[in-house]
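Chemist: The residues making up each chain are set out below.
Number of protein chains: 2
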Amino acid sequence: MEYINELVQKYANLTRTINEEFINIHPIQRGGMLTPEAFKALVAYGDGYSLCDNCLKGRIDQIENPPVVEFLKDMAKFLNIDNVMLTAAARESKRLVMEALARKYPKRKTVVIDSLAHYTTYLAIEANNLKLSEVPNSENREFNIEAIDYEKIIKKVQNEDGVLPLLVVLTHVDYKYGNYNDPKPIGEICQKFNIPFLLNAAYSGGILPIDCKEYSADFVVCSGHKSMAASGPIGVLGFNDDFYNDIMVNSKIQGNISSKSFPSKLCTVMGCPPVYGAPLITLMASFPTVVKRTQKEVADEESKKANYVIESIKNIKGIEILGKLPKIHPLTNLKTESFSEVAKTHPRRGFFLRDDFKERGIIGLLPGISKEMKFNTYDLTWEQVKYFTKSFIEIAQKYNLL
Amino acid sequence: MEYINELVQKYANLTRTINEEFINIHPIQRGGMLTPEAFKALVAYGDGYSLCDNCLKGRIDQIENPPVVEFLKDMAKFLNIDNVMLTAAARESKRLVMEALARKYPKRKTVVIDSLAHYTTYLAIEANNLKLSEVPNSENREFNIEAIDYEKIIKKVQNEDGVLPLLVVLTHVDYKYGNYNDPKPIGEICQKFNIPFLLNAAYSGGILPIDCKEYSADFVVCSGHKSMAASGPIGVLGFNDDFYNDIMVNSKIQGNISSKSFPSKLCTVMGCPPVYGAPLITLMASFPTVVKRTQKEVADEESKKANYVIESIKNIKGIEILGKLPKIHPLTNLKTESFSEVAKTHPRRGFFLRDDFKERGIIGLLPGISKEMKFNTYDLTWEQVKYFTKSFIEIAQKYNLL
Chain B
1 MEYINELVQK
11 YANLTRTINE
21 EFINIHPIQR
31 GGMLTPEAFK
41 ALVAYGDGYS
51 LCDNCLKGRI
61 DQIENPPVVE
71 FLKDMAKFLN
81 IDNVMLTAAA
91 RESKRLVMEA
101 LARKYPKRKT
111 VVIDSLAHYT
121 TYLAIEANNL
131 KLSEVPNSEN
141 REFNIEAIDY
151 EKIIKKVQNE
161 DGVLPLLVVL
171 THVDYKYGNY
181 NDPKPIGEIC
191 QKFNIPFLLN
201 AAYSGGILPI
211 DCKEYSADFV
221 VCSGHKSMAA
231 SGPIGVLGFN
241 DDFYNDIMVN
251 SKIQGNISSK
261 SFPSKLCTVM
271 GCPPVYGAPL
281 ITLMASFPTV
291 VKRTQKEVAD
301 EESKKANYVI
311 ESIKNIKGIE
321 ILGKLPKIHP
331 LTNLKTESFS
341 EVAKTHPRRG
351 FFLRDDFKER
361 GIIGLLPGIS
371 KEMKFNTYDL
381 TWEQVKYFTK
391 SFIEIAQKYN
401 LL
Chain D
403 MEYINELVQK
413 YANLTRTINE
423 EFINIHPIQR
433 GGMLTPEAFK
443 ALVAYGDGYS
453 LCDNCLKGRI
463 DQIENPPVVE
473 FLKDMAKFLN
483 IDNVMLTAAA
493 RESKRLVMEA
503 LARKYPKRKT
513 VVIDSLAHYT
523 TYLAIEANNL
533 KLSEVPNSEN
543 REFNIEAIDY
553 EKIIKKVQNE
563 DGVLPLLVVL
573 THVDYKYGNY
583 NDPKPIGEIC
593 QKFNIPFLLN
603 AAYSGGILPI
613 DCKEYSADFV
623 VCSGHKSMAA
633 SGPIGVLGFN
643 DDFYNDIMVN
653 SKIQGNISSK
663 SFPSKLCTVM
673 GCPPVYGAPL
683 ITLMASFPTV
693 VKRTQKEVAD
703 EESKKANYVI
713 ESIKNIKGIE
723 ILGKLPKIHP
733 LTNLKTESFS
743 EVAKTHPRRG
753 FFLRDDFKER
763 GIIGLLPGIS
773 KEMKFNTYDL
783 TWEQVKYFTK
793 SFIEIAQKYN
803 LL
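For the protein sequence lines, the chains are B and D, in the order given.
Taking the numbering used here, the leading residue of the first sequence gets 1, the next gets one more, and so forth.
Taking the numbering used here, the leading residue of the second sequence gets 403, the next gets one more, and so forth.
Watch out, some of these pointers could steer you wrong.
What the hints assert, rightly or not - Within a straight-line C-alpha distance of at most 30 Å, the following computed BS3-like cross-link-like pairs (lysine-lysine) qualify:
1. B:155 x B:104
2. B:296 x D:412
3. D:716 x B:260
4. D:698 x D:800
5. B:73 x D:412
6. B:252 x D:557
7. B:371 x B:386
8. D:557 x B:107
9. B:260 x D:746
10. D:716 x B:104
11. D:746 x D:800
What the hints contain is simulated information worked out from the structure, not anything from laboratory work.
The following block holds chain B by itself, in its conformation from the complex (with noise of 0.2 Å):
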């Protein structure tokens, strides 16, 4: 019992008050706030399975109590694509689709991503046993990817292979920059070649306006944690009716004695994508919030924000802002040298930033770097932004940067 009574000691404090009491600038948690519609439902389906609970089916995409075949039908308009899936996470979408173009051709190898892309990207085509070929960006300041660097790369690949490329991956929205490349001069290189293309929309999807046509994207990739105020974990996949059948694949397995068999379950998500309770529920809860959010004018409001800390500090001393500007996604790096200056000299070394910040009630700066710092202002007010913005001033005064 003494063991026992130690466990419950060690698990005992699993709180977290940092929402109420800090404002939070974390690169990739701000896109994934619940709403209180989310946090209502929550609470209401915490339980594991609480989404099955009018099954009828045996497929989650098949529920109709809460409305699943509903919402899936909903997302798909929303992306502007034919098709939604759920899987357990933006990567896990990306691993199934190029597992199921390698299935469908067999012979090409190579996945043409541009070179800002995110790991997970990297991984999933480690996971397939496939090849990469990178587009390069501009690198010095701004990071820019050109579209017409796709058609290149796409037919050097061609050449070295002696086949098309499996897939072309574009990330809209890039993790480390925030930059946003248009997808649609992309799209249309795909279509002249015939190749499949897929939006990574992990940072966009939820945060700005999609249209698949649009982008001639036959697949997206979402994340409702990351960027559509789920909570998650919880990936989308938007894909064409072109590829329904290579990923709604169906089990074809038997069991050799029992001969039990189970035609109705996809064996591309394991039987049911691991989403169940919490992770759908407060997707579907956040929806209508999202698809506000990411009307044009709504969107606009929110790059003006980032725009906004970038104006007042740019000129603080040894500070750079890197990526592309104007900010469309308000995701934004800085080289901050001046700060990795005074980290050389300071006690707390390169958490000196943080803790700076700290104590001024805003959290979410990643800790012990001081020479590169990401701040993300999505769907703060604009009380929050100013407050921010002097707080960093502030700080830069402190030390002598201004």
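Fit chain D to the known structure of chain B by using the hints.
Modeler: Just chain D now, with coordinates in the frame of chain B:
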């Protein structure tokens, strides 16, 4: 805007009050009901990436605050196995183990499974393009699995394939009859043949005591949302040191232009398994309770509840209790021929049974099915167990089956 208002209406009422108002006997929901501690943690860590506030190494299994590192050690100790990793769900743990073993032993093609294995065990085999060979059960009333039959099937596979099976799987407690199987003799057989042995404890880990060393199990698979009072979805994968390098595979892929690489990320779980917020924190918060409730005396008391119901209803006309008796795991399956007879002329057909129980405040019966019934008394109070029993008898009386 009209469209958005429609959406607001459609997703406005995602409520579920069943846990307060009803007694839930759903066969797969009882073990996943949140503890008060997990509920508190769920509310605190509802946001998507909440657990990653203090992630210093970019790996969820290496987070020290909240104490994930400590937790994985405690969980390994609890299951008495060398290592524990987290996955999206138990099904994903199985898929991952088979994938790892298929890489390690490329000539071995067959997975030996008991014929009461969960459908996801079959799907994990199918997803890895492997074959299966089932160990028979006694059918009839008990559906008993004999350990010695594992040896016969292993030899049969060895004869047919010319190599050993890739893996042997035992379903510790099965989904259908809730039969408990002693893993020890099967573990000994696997040791004799030197075949990896996986214990599928999705229904037992968190409900009954588990001791992998005692069982000679190389792998154990548990389900947080099924049996460990976690919101989930979340899977636990326990594995022996012998397989450490097969499960914990670090990424080797590299960008051909960017030179980016991710050697600290595990490509087997796509970087971090998708359990970043609510799934893991609720598993951790419930863990002390899970340790307590799997102590032999507490687990025995839960078996008694199921056996009490069975003892009281077994003489209802046209009812047959399936599976081994007395129950060890409280998941219970009945053949209910007499209810099926009632359904034939009942205006609500097969749904009448669910209606009759619901009128009495009891939910969780599979909808529309009257010829078979599953229930689970796990963690109900004795008062609730007695009320459920009384209601069952009342319904039998109503249709003259006593």
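Chemist: Each hint should be assessed against the structure and marked as holding or not.
Modeler: Evaluation of the provided hints:
Under the criterion of a C-alpha separation no larger than 30 Å, the hint pairing residue 155 of chain B with residue 104 of chain B is consistent with the structure, at around 21 Å. For the hint linking residue 296 of chain B to residue 412 of chain D, the alpha-carbon distance of about 23 Å falls within 30 Å, and the restraint holds. Between residue 716 of chain D and residue 260 of chain B the CA atoms are separated by roughly 28 Å; this keeps the pair inside 30 Å, and the hint holds. The suggested pairing of residue 698 of chain D with residue 800 of chain D is violated, with an alpha-carbon distance near 39 Å, which exceeds 30 Å.
At roughly 13 Å between alpha-carbon atoms, residue 73 of chain B and residue 412 of chain D fall within 30 Å of each other, so this suggested pair holds. For a cut-off of 30 Å, the pair hint linking residue 252 of chain B to residue 557 of chain D stands: about 26 Å separates their Cα positions. With a C-alpha separation of about 23 Å, the suggested pairing of residue 371 of chain B with residue 386 of chain B holds against the 30 Å cut-off. With a C-alpha separation of about 37 Å, the suggested pair residue 557 of chain D and residue 107 of chain B falls outside the 30 Å cut-off, and the hint is violated.
Using a Cα cut-off of 30 Å, the hinted pair residue 260 of chain B and residue 746 of chain D holds, with the two alpha carbons roughly 27 Å apart. With a C-alpha separation of about 53 Å, the suggested pair residue 716 of chain D and residue 104 of chain B falls outside the 30 Å cut-off, and the hint is violated. Simply put, residue 746 of chain D and residue 800 of chain D have alpha-carbon atoms about 16 Å apart, close enough for the 30 Å limit, and the pair holds.
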